[in-house]
Amino acid sequence: MPRKTTWSLLLVLLFLMPGLGAAPGHAAPVYVLLTTIPVPSNPAGNVQGGAFTGYDIAYFDGTTQLMYLADRSNASVDIFSAQTNSFVGRVGSFVGIQPQPVNPATVNNDISGPDGVVVANFGGAKQLWAGDGPSLLKGFDLTLPGSPQLSGTPINTGAVPATRVDEMAFDPRDHLLLVANNAASPPFATLVDTQTRAIVTKITFNGANADGHNAPNATNGIEQSVWDPSHGGRFFISIPELNGGGPGGVAMLDISGNVTHVYDFGSAGLGAFAACSPAGLALGANGKLMVGCGVASQSILLDPNANGGNGSTKAFPQVSGEDMVWFDPTTNRYFLAARLNPGGPVLGIIDGLTETFLQNVRTTPGDHSVAVDPVSGEVFVPFGGSFGTAVNSICPLGCIGVFGVPEPGSLLLLGVGLIGVGGLSLRRRLR
Numbered sequence: 001m002p003r004k005t006t007w008s009l010l011l012v013l014l015f016l017m018p019g020l021g022a023a024p025g026h027a028a029p030v031y032v033l034l035t036t037i038p039v040p041s042n043p044a045g046n047v048q049g050g051a052f053t054g055y056d057i058a059y060f061d062g063t064t065q066l067m068y069l070a071d072r073s074n075a076s077v078d079i080f081s082a083q084t085n086s087f088v089g090r091v092g093s094f095v096g097i098q099p100q101p102v103n104p105a106t107v108n109n110d111i112s113g114p115d116g117v118v119v120a121n122f123g124g125a126k127q128l129w130a131g132d133g134p135s136l137l138k139g140f141d142l143t144l145p146g147s148p149q150l151s152g153t154p155i156n157t158g159a160v161p162a163t164r165v166d167e168m169a170f171d172p173r174d175h176l177l178l179v180a181n182n183a184a185s186p187p188f189a190t191l192v193d194t195q196t197r198a199i200v201t202k203i204t205f206n207g208a209n210a211d212g213h214n215a216p217n218a219t220n221g222i223e224q225s226v227w228d229p230s231h232g233g234r235f236f237i238s239i240p241e242l243n244g245g246g247p248g249g250v251a252m253l254d255i256s257g258n259v260t261h262v263y264d265f266g267s268a269g270l271g272a273f274a275a276c277s278p279a280g281l282a283l284g285a286n287g288k289l290m291v292g293c294g295v296a297s298q299s300i301l302l303d304p305n306a307n308g309g310n311g312s313t314k315a316f317p318q319v320s321g322e323d324m325v326w327f328d329p330t331t332n333r334y335f336l337a338a339r340l341n342p343g344g345p346v347l348g349i350i351d352g353l354t355e356t357f358l359q360n361v362r363t364t365p366g367d368h369s370v371a372v373d374p375v376s377g378e379v380f381v382p383f384g385g386s387f388g389t390a391v392n393s394i395c396p397l398g399c400i401g402v403f404g405v406p407e408p409g410s411l412l413l414l415g416v417g418l419i420g421v422g423g424l425s426l427r428r429r430l431r
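Each residue of the sequence shown is one higher than the one before, counting from 1 in our numbering.
Hints may contain errors.
What follows is a set of in silico ranges between Cβ atoms, one per label pair, in the way DEER data are often shown [stated by the list, open to error]: (1) N243 with G124: 42 to 52 angstroms; (2) N243 with K314: 17 to 27 angstroms; (3) P161 with T201: 16 to 26 angstroms; (4) G269 with V88: 46 to 56 angstroms; (5) N214 with N332: 25 to 35 angstroms; (6) E407 with D193: 42 to 52 angstroms; (7) N206 with N156: 14 to 24 angstroms; (8) A198 with N243: 26 to 36 angstroms; (9) N286 with P317: 19 to 29 angstroms; (10) P396 with P43: 18 to 28 angstroms; (11) N305 with N214: 18 to 28 angstroms.
For the record, the hints were derived by calculation from the structure and aren't laboratory data.
Source: prediction; values computed, not measured.
Positions of the beta carbon are idealized from the N, C-alpha and C atoms, including for glycine.
Work out the full structure, taking the sequences as your base and the hints as a guide.
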């Protein structure tokens with residue numbers, strides 16, 4: 001192995017050591033960085049000299065063990081395989097990082113793309129949906145060679161001025177997609193029929209109720225949504241701020257887009273939190289929601305069914321400052337991409353069954369996305385390359401960090417294993 005590679009792997013080990021500890025008193029598995037995956041440059045879309053620095057949401061399709069990542073640096077949705085821990089392709093043409101030429105001081109996420117990403121599996125269909133900068137929702141057919149654009153797409157959701165279509169959630173029962181225009185003023189969400197590609201309705205979050213959906217006044221955008229098949233089917237969506245201040249909350253919507261309940265984290269019954277700014281959101285197997293607070297404060301586990309539907313909360317002060325949260329149904333664990341965590345960015349891990357904090361694993365500056373392969377259990381975290389004042393010492397041009405639990409007895413040999421096999425995963429991959 002070249003000396004440069006050896007030193008790079010030793011640097012990885014030194015980087016990981018401060019974050020290896022699990023919570024005292026819990027015999028929890030210890031997650032470590034197993035390997036990294038390079039992100040190849042897109043000659044048709046990369047305007048940063050081949051670097052991977054700008055990205056947004058990641059999504060794992062467990063049926064194929066493929067992760068889809070909104071890669072703004074390459075103006076595409078990139079595809080990575082958990083079977084081979086490698087880049088396997090990219091889809092689409094997006095606006096990329098805006099404005100251009102790219103300058104760290106002037107990047108505007110509100111008009112950049114791609115943004116939110118989801119894979120919709122229903123019947124024989126496998127569709128990739130992704131938001132783009134100029135208020136466009138783009139759809140692609142993953143069953144066909146080249147993943148061509150779906151008929152009737154892109155769909156213009158109508159933001160004026162045109163700002164990005166951001167995070168989204170898919171209802172496989174009714175084939176509905178709930179997508180957020182978080183940067184619009186006021187912010188709004190759109191329900192889209194993935195079969196007909198028609199807009200079903202628009203929900204405006206300004207508190208005026210002109211559309212009859214009874215949405216609250218979201219004064220700092222709207223964030224991640226999730227689909228919950230229980231109770232007849234419903235969506236939840238994170239709201240960073242309500243009525244001009246406070247810690248924000250979570251809104252519940254029925255499949256017609258009507259807001260049926262708002263969980264205000266500033267209320268006494270839900271903890272009277274001083275700060276949160278909900279961003280990431282993930283539904284656990286027990287019907288509870290892990291809320292990633294966008295500011296350094298705490299993470300919040302919300303039980304929307306407690307207290308007669310008025311909800312209850314549990315705080316986790318050990319990790320905060322998340323953008324994205326993922327739930328792995330195989331391990332029943334929540335994974336939190338905490339870029340603004342006090343003390344530095346980490347991947348936080350919380351047990352969904354025992355509702356206990358397990359571990360923080362150090363990541364690189366600005367890392368805010370996470371997705372988990374439910375088959376291998378590997379956790380994929382994009383590591384943006386060095387950009388402006390953010391310095392990535394692991395992979396300066398950017399890469400995908402792959403975390404996991406080494407085989408029993410191999411943790412102490414991790415350094416030798418990484419050096420000996422060039423960074424290949426010590427965990428046997430399930431296929």
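Outcome of the hint check:
no.	hint	result
1	N243 with G124: 42 to 52 angstroms	holds, 45 angstroms
2	N243 with K314: 17 to 27 angstroms	holds, 25 angstroms
3	P161 with T201: 16 to 26 angstroms	holds, 22 angstroms
4	G269 with V88: 46 to 56 angstroms	holds, 48 angstroms
5	N214 with N332: 25 to 35 angstroms	holds, 34 angstroms
6	E407 with D193: 42 to 52 angstroms	holds, 46 angstroms
7	N206 with N156: 14 to 24 angstroms	holds, 20 angstroms
8	A198 with N243: 26 to 36 angstroms	holds, 33 angstroms
9	N286 with P317: 19 to 29 angstroms	holds, 22 angstroms
10	P396 with P43: 18 to 28 angstroms	holds, 20 angstroms
11	N305 with N214: 18 to 28 angstroms	holds, 20 angstroms
Consistency with the previously given hints is maintained throughout, with no hint failing.
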